[in-house]
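Enquirer: Order-wise, the sequence lines are chains U and H. With the working numbering applied, the first sequence corresponds to residues 1 to 277, in that order. With the working numbering applied, the second sequence corresponds to residues 1001 to 1280, in that order.
Each hint should be verified, as a subset may be incorrect.
Each pair of labels, with its calculated beta carbon distance range [stated by the list, open to error]:
| no. | chain 1 | residue 1 | chain 2 | residue 2 | range |
| --- | --- | --- | --- | --- | --- |
| 1 | U | 99 | H | 1190 | 44 to 52 angstroms |
| 2 | H | 1190 | U | 170 | 28 to 36 angstroms |
| 3 | U | 226 | H | 1131 | 44 to 52 angstroms |
| 4 | H | 1141 | U | 190 | 24 to 32 angstroms |
| 5 | H | 1079 | U | 136 | 17 to 25 angstroms |
| 6 | H | 1033 | U | 170 | 17 to 25 angstroms |
| 7 | U | 139 | H | 1037 | 51 to 59 angstroms |
| 8 | H | 1081 | U | 170 | 54 to 62 angstroms |
| 9 | H | 1188 | U | 170 | 28 to 36 angstroms |
| 10 | H | 1238 | U | 170 | 36 to 44 angstroms |
| 11 | H | 1137 | U | 170 | 55 to 63 angstroms |
| 12 | U | 34 | H | 1077 | 55 to 63 angstroms |
Chain U stretches covered by chain H per the calculated footprint, using a threshold of three residues with CB under 8 angstroms from any CB of chain H [said to hold, decoys possible]:
| no. | segment |
| --- | --- |
| 13 | 164-178 |
| 14 | 183-193 |
No lab work stands behind these hints: they were computed from the structure. Fair warning: this is a prediction, and the values are worked out from it, not measured in the lab. For each residue, glycine too, the CB sits at the ideal point set by N, CA and C.
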Amino acid sequence: MSVLQVGGYSQDRESAERNVGRTRSAAFVLSKARYYVPLMMLPILWEFAVRSGLVNGNLFPPPSTIAAAIMDLARAGTLWRDVSASILRVVVGFSVATIAGVGFGLLLGRLPVLSRYVIPLIEVVRPISVIAWIPIAILWFGLGDRPAWFLISLGAFFPIFTSTYDGARSLADVYVRVARCFGAPRSLFIRQVLLPATLPHILTGMRIGLGTGWTCVIAAELVSATSGLGYMIQLARTTIETEKVLAGMMVIGLIGFVMNSLMLLVERKLSVRPAAD
Amino acid sequence: MKALSPSPVDNAWLVHCCMSRLMFSVRGVSKHFENRDRKPFSALQEIDLDIQAGEFLSIIGPSGCGKTTLLNLVAGFIKPTTGVVLKEGVEISGPGPDRTMMFQDYALFPWLTVADNIAFGLGAQKLRRKERDARVNHFISLVGLDGFDKAYPAQLSGGMRQRVSIARALAPDPDVVLMDEPFAALDSLTRDRLQEELLAIWSRTRKTFLLITHNVEEAVFLSDRVIVMESRPGRIRSVIDVAIPRPRFPEIRVRDPLFLNLKHEVLDLLGGVTRAAERH
C-alpha cells in the first residue's frame, strides 16, 4: 500500500461525506426535530388546561405567565445576577471536584494497596446526601459562597472520582508492561498512558459530576445563600410569586440541559479515536 | 554463526566479537506458579541456557511449555523461583530499555500516533526534541512507514502495526530485542515479508534477537539456533543449530535441502513433544 493511495482514498471519502452532508442536512434537522415534539406539546397542553379552567392558574401559572416572568426578571437585571452567581459557584466547586476526583481516582485506581484502605471510607461518606451536609456546611462556613462551594465540590466529587477510579483500575495490563519494558518515567506514564486511557471515563464522570454540581448549587442556595437561582425561587416562595418560582425552575432546567449538552460535545470530541478504515 | 562477508578474516573477526561475548546466562532456572486451585505447578524446570551477543535465537514449543515465561524472565517482568538469569554477568533485577519487547498483538497505544508510539520507547532517555524526532524518523524509514508518522494504529493494517512495534522496540537502541510471537496474527504473505525484513534489520543492527514462536519455518529461517521445548514441566528438549549460511534468501524456504531437513527435524521433535503431552 503506498502513501498516495491511502491519502487519496481517505480524501475521496471525506469529500463524499461532505457532499452527502449538504444534501441531507434539511431532512436531517427535520428528523431530529420530531424528538422534541413532546417537549413542545407540554406547554401547549398546560396553557390550554389553565385557560379552560381545568387547572388552578394561581398554583400552576400557565407558560405564557412564566415566560413573561422570565422576561421581567431579565429586564430588571436580577435574572443575570442570579444566573451568574449560581454558575460561578458551580465553576468553582466543579473545578475543585474535578481536580480532587481525577487526582484521587487515578492515584487509588493505580495503587490497590492504598485503595483497599480508602475505598470503604469513601463508600460510607458517598451515600450521605448533599442535603444532609447543608446544616454542617452552614455551621462550618456560614452563609454565602463558601458553603455552596463546599457542597458543590462534595456532590460533584463522587461521580468524577468513581468513574476515574474505575477507568484507572481497568487500564489494560499490557500497557503497564509496555511502559515498564521501555523504562518510561512516571510522568511519561501518566501523560501518555494513564491519562489518555482513562480520559473517556474521566469525561463521563465530569459530565455526571457537573449535573450533580448544578443540582447541589440550587440546594445550597435555597438555604445558605443570599443570591443565585436557588435563593431567587426561595424568595419568590415567601412572597407567593408562584410564576417566579416556576420561572426560576425553568431557567435551572434549561441551563442544566445546556451544560450537559456541552459536556457531551466535549466528550465526543475528545473520546473519539480514529477508527479503522 | 555465519558471517555476512565471505572473507575469512572478517569471518574470524565476527566470530571473535559476536560469539565470544555472552549476553544471557540462564542457570538452573525453575519457575513455579499457583493455578486457580492454589496448587503449585512448574512452568519451567531446571533451565540452563546461554545466549550469545548478536545471536538470533528462537524458542519453539507447544503451548504451556513455558516459553513465554522464559521470555518474561529475561525481560525482567518476573523472577525465577530458583536459579538465576544473568545479563552480561549481572543478575536481572527488572525490566529495562536495554531489553525491549515486541509484544503479542503489538500492544501499541491506540491514542498515540505512529511517531509518538515509537518515541515512547525513547522516554527513558533525556533527549532533545530535535534529536528525538530524528531518531523517530530514522526508525520510521527503517521499517518502511514513511508518510505514516501521524497515522494512528487503528488506521494501519496488521503488518504495518507490526512494523511500528519493531521500530518502537529498536528505537531505544537496546542490546536485546525480545519477540513474543510477533507474526502470529498476520496472513502468511505479510508474515514472510516481515520475516525477511526483520532478518535484514537484525543483520544491520547486530543486536541479540530472542524470538518466541509457534511457527517452525519462521524459527528455522531466522535463527542461528532453535530451542525446542516440551511442556509439563517446561523443559528444553533439544537445541538445533541452524547452519544455513547467511544472508538467507526467501528461496531457501522451498529449495534449500538443509533448510527443509532442519524444518522436518524440528517438526519431528515437536511432534514427539506434542504426542507426549497428549498422553499426560
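Enquirer: The structure should be examined with respect to each hint, and the outcome stated for every one.
Expert: Each hint tested on the structure:
About 47 angstroms separates the C-beta atoms of residue 99(U) and residue 1190(H), a value consistent with the hinted range of 44 to 52 angstroms. Checked against the hint of 28 to 36 angstroms, the pair residue 1190(H) and residue 170(U) passes, with Cβ atoms roughly 32 angstroms apart. Our hint of 44 to 52 angstroms for residue 226(U) and residue 1131(H) is violated, since their Cβ atoms are close to 60 angstroms apart. Range check, residue 1141(H) to residue 190(U): Cβ separation about 31 angstroms, and the 24 to 32 angstroms hint holds.
Checked against the hint of 17 to 25 angstroms, the pair residue 1079(H) and residue 136(U) fails, with Cβ atoms roughly 51 angstroms apart. In this structure, residue 1033(H) and residue 170(U) meet the distance hint of 17 to 25 angstroms, their C-beta atoms being roughly 24 angstroms apart. Separated by about 56 angstroms at the C-beta atoms, residue 139(U) and residue 1037(H) satisfy the suggested range of 51 to 59 angstroms. With their beta carbons about 30 angstroms apart, residue 1081(H) and residue 170(U) fall outside the hinted range of 54 to 62 angstroms.
Between residue 1188(H) and residue 170(U) the beta carbon distance is about 35 angstroms. The supplied range of 28 to 36 angstroms therefore holds. The supplied range of 36 to 44 angstroms is met by residue 1238(H) and residue 170(U), whose beta-carbon atoms lie about 42 angstroms from each other. At about 35 angstroms, the beta-carbon gap between residue 1137(H) and residue 170(U) misses the expected band of 55 to 63 angstroms. Checked against the hint of 55 to 63 angstroms, the pair residue 34(U) and residue 1077(H) passes, with Cβ atoms roughly 56 angstroms apart.
Check on the segment 164-178 of chain U: 4 of its residues sit with their Cβ under 8 angstroms from a Cβ of chain H, so the three-residue criterion for coverage holds. Counting residues of the segment 183-193 of chain U whose C-beta sits closer than 8 angstroms to any C-beta of chain H gives 6, which meets the bar of three, so the coverage hint holds.
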